[in-house]
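**Student:** Knowing the structure of chain A, use the given hints to seat chain B on it.
If you read the protein sequences in the order shown, they are chains A and B.
Residue numbering for the first sequence follows this note's numbering, starting at 949 and increasing by one per position.
Residue numbering for the second sequence follows this note's numbering, starting at 11 and increasing by one per position.
Think of the hints as simulated: they come from the structure by calculation, not from any bench.
Please note that a few of the clues may not be correct.
Below, in silico cross-link-like pairs of lysine-lysine (DSS-like), each with a Cα-Cα straight-line distance of 30 Å or less [claimed, not checked]:
1. A:K990 - B:K24
2. A:K1055 - A:K1015
3. B:K67 - A:K990
4. A:K1004 - A:K990
5. A:K1062 - A:K1004
6. A:K1015 - B:K54
7. B:K19 - B:K54
8. B:K19 - A:K1004
9. A:K1058 - B:K67
10. A:K1015 - A:K1058
11. A:K990 - B:K54
12. A:K990 - A:K1055
13. B:K67 - B:K24
14. A:K1058 - A:K1004
15. A:K1062 - A:K990
16. B:K24 - B:K54
17. A:K1055 - B:K67
18. B:K67 - A:K1015
19. B:K19 - B:K67
20. B:K24 - A:K1055
21. A:K990 - A:K1058
22. A:K1015 - A:K1004
23. B:K19 - A:K990
24. A:K1004 - A:K1055
25. A:K1004 - B:K54
26. B:K19 - A:K1015
27. A:K1062 - B:K67
28. B:K54 - B:K67
29. B:K19 - A:K1058
So the chains spell out like this:
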Amino acid sequence: QKEVEQNSGPLSVPEGAIASLNCTYSDRGSQSFFWYRQYSGKSPELIMFIYSNGDKEDGRFTAQLNKASQYVSLLIRDSQPSDSATYLCAVSGMNYGGSQGNLIFGKGTKLSVKP
Amino acid sequence: NAGVTQTPKFRILKIGQSMTLQCTQDMNHNYMYWYRQDPGMGLKLIYYSVGAGITDKGEVPNGYNVSRSTTEDFPLRLELAAPSQTSVYFCASRSLNTEAFFGQGTRLTVV
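The following block holds chain B by itself, in its conformation from the complex:
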């Protein structure tokens, strides 16, 4: 039981490049989330999903896209990377009314 697995752990992107952050969970959780955390700040919700095929915008969705084709996977796509997207990204999953389990995070730098 690996829990929530995020890849990659670190990445440097050039302005305008695109990339996909991968997130997989093996706990059969319906709910999955993507957050970003800027230095000294809390977690801001980017997108979330309540089940396969269903996604909703969070607090800061601009510049990102997601898909949820399976229960296990919830990738986050960055199109046209900008310096403002430099952050630590966390993926999390949970069942309704239970705690969220977090991945180890992806540290992204856009230069």
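Only chain A is shown next, with the shape it has when bound in the complex:
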């Protein structure tokens, strides 16, 4: 029973296009939502976090959260070849284990941006 679901891809978009990455989670009590980017052989690095329903924009990135639908997404505008990586969705505060301090990751979506 997976708690955080992502389409594993690969998702291929042309340079300059919008890439849309999606994530669903199973626990309505979840509190914090994160998008990480991971290049091959490297550690994950934070792209954005979001706590409240609605949109949050940072440069070319927009995170969208809909708690009623248990859905969080990441839009990347004007995609660049350097955006090619695996994007990991992470959810905190789920009722999993002994406390809500956990941080559960999805399987990741591999994005490829073609020049």
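**Tutor:** Okay, now just chain B, sitting in the frame of chain A:
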């Protein structure tokens, strides 16, 4: 400020051997995590801790043990290593409702 430091970076173990993966953070974070990442997969939570003296099981705790005697350190112990434990291990830390910072990872091979 070194962030999250993991050692070693690489290790080869023989089946049945034991080892401890070290993780130290200097950001005074209460929350610390151990994950494993198999090829082409996401991160699976092994154990986590919300403070010194408190640890909880994650998604895949079997075959591992942890302790948290100080805020800074969160070692992961592998007893009786098995080939199924071949993976890349990441340690991470954070404060509540903030981003998690990751170490550089430990690539473990069990042969």
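**Student:** Each of the hints needs a verdict: does it hold here or not?
**Tutor:** A quick look at each hint next to the structure:
Taking the CA atoms of K990 (chain A) and K24 (chain B), the gap is about 25 Å. The hint holds against a cut of 30 Å. Between K1055 (chain A) and K1015 (chain A) the alpha-carbon distance is near 20 Å, which keeps this suggested pair within the 30 Å criterion. Our distance criterion of 30 Å between C-alpha atoms is met by K67 (chain B) and K990 (chain A), whose separation comes to about 25 Å. The suggested pairing of K1004 (chain A) with K990 (chain A) holds, with an alpha-carbon distance near 26 Å, which does not exceed 30 Å.
Of the pairs offered as hints, the one joining K1062 (chain A) and K1004 (chain A) holds, with about 26 Å between alpha carbons and a cut-off of 30 Å not exceeded. Proposed proximity of K1015 (chain A) and K54 (chain B) is supported: the alpha carbons are some 23 Å apart, at most 30 Å. For the proposed pair K19 (chain B) and K54 (chain B), the alpha carbon gap of about 19 Å is at most 30 Å, so the pair holds. In summary, the hint linking K19 (chain B) to K1004 (chain A) is not supported, as the alpha carbons are separated by about 36 Å, beyond the 30 Å threshold.
At roughly 28 Å between alpha-carbon atoms, K1058 (chain A) and K67 (chain B) fall within 30 Å of each other, so this suggested pair holds. For the proposed pair K1015 (chain A) and K1058 (chain A), the alpha carbon gap of about 24 Å is at most 30 Å, so the pair holds. For a cut-off of 30 Å, the pair hint linking K990 (chain A) to K54 (chain B) stands: about 16 Å separates their Cα positions. Restraint check for K990 (chain A) and K1055 (chain A): the C-alpha separation of about 16 Å stays at or below 30 Å, so the hint holds.
A C-alpha spacing of about 25 Å is found between K67 (chain B) and K24 (chain B), which places the hinted pair at or below 30 Å, so the restraint holds. Distance check on the hinted pair: K1058 (chain A) and K1004 (chain A) sit about 22 Å apart at the alpha-carbon level, within 30 Å; holds. The straight-line distance between the Cα atoms of K1062 (chain A) and K990 (chain A) is roughly 21 Å, inside the 30 Å bound, and the hint therefore holds. Between K24 (chain B) and K54 (chain B), the direct Cα distance comes to roughly 23 Å. Compliance with the 30 Å bound is thereby established for this hinted pair.
Under the criterion of a C-alpha separation no larger than 30 Å, the hint pairing K1055 (chain A) with K67 (chain B) is consistent with the structure, at around 19 Å. Pair hint K67 (chain B) plus K1015 (chain A) holds up; C-alpha atoms about 26 Å apart against a cutoff of 30 Å. Our distance criterion of 30 Å between C-alpha atoms is met by K19 (chain B) and K67 (chain B), whose separation comes to about 24 Å. Between K24 (chain B) and K1055 (chain A) the alpha-carbon distance is near 29 Å, which keeps this suggested pair within the 30 Å criterion.
With a C-alpha separation of about 14 Å, the suggested pair K990 (chain A) and K1058 (chain A) falls inside the 30 Å cut-off, and the hint holds. A C-alpha spacing of about 14 Å is found between K1015 (chain A) and K1004 (chain A), which places the hinted pair at or below 30 Å, so the restraint holds. As the CA atoms of K19 (chain B) and K990 (chain A) are separated by approximately 12 Å, the hinted pair is consistent with the 30 Å bound. Simply put, K1004 (chain A) and K1055 (chain A) have alpha-carbon atoms about 23 Å apart, close enough for the 30 Å limit, and the pair holds.
Between K1004 (chain A) and K54 (chain B) the alpha-carbon distance is near 27 Å, which keeps this suggested pair within the 30 Å criterion. Between the alpha carbons of K19 (chain B) and K1015 (chain A) the distance comes to roughly 39 Å, so the proposed pair goes past 30 Å and is violated. Simply put, K1062 (chain A) and K67 (chain B) have alpha-carbon atoms about 41 Å apart, too far for the 30 Å limit, and the pair is violated. Taking the CA atoms of K54 (chain B) and K67 (chain B), the gap is about 11 Å. The hint holds against a cut of 30 Å.
Restraint check for K19 (chain B) and K1058 (chain A): satisfied, since their Cα atoms lie roughly 25 Å apart, inside the 30 Å limit.
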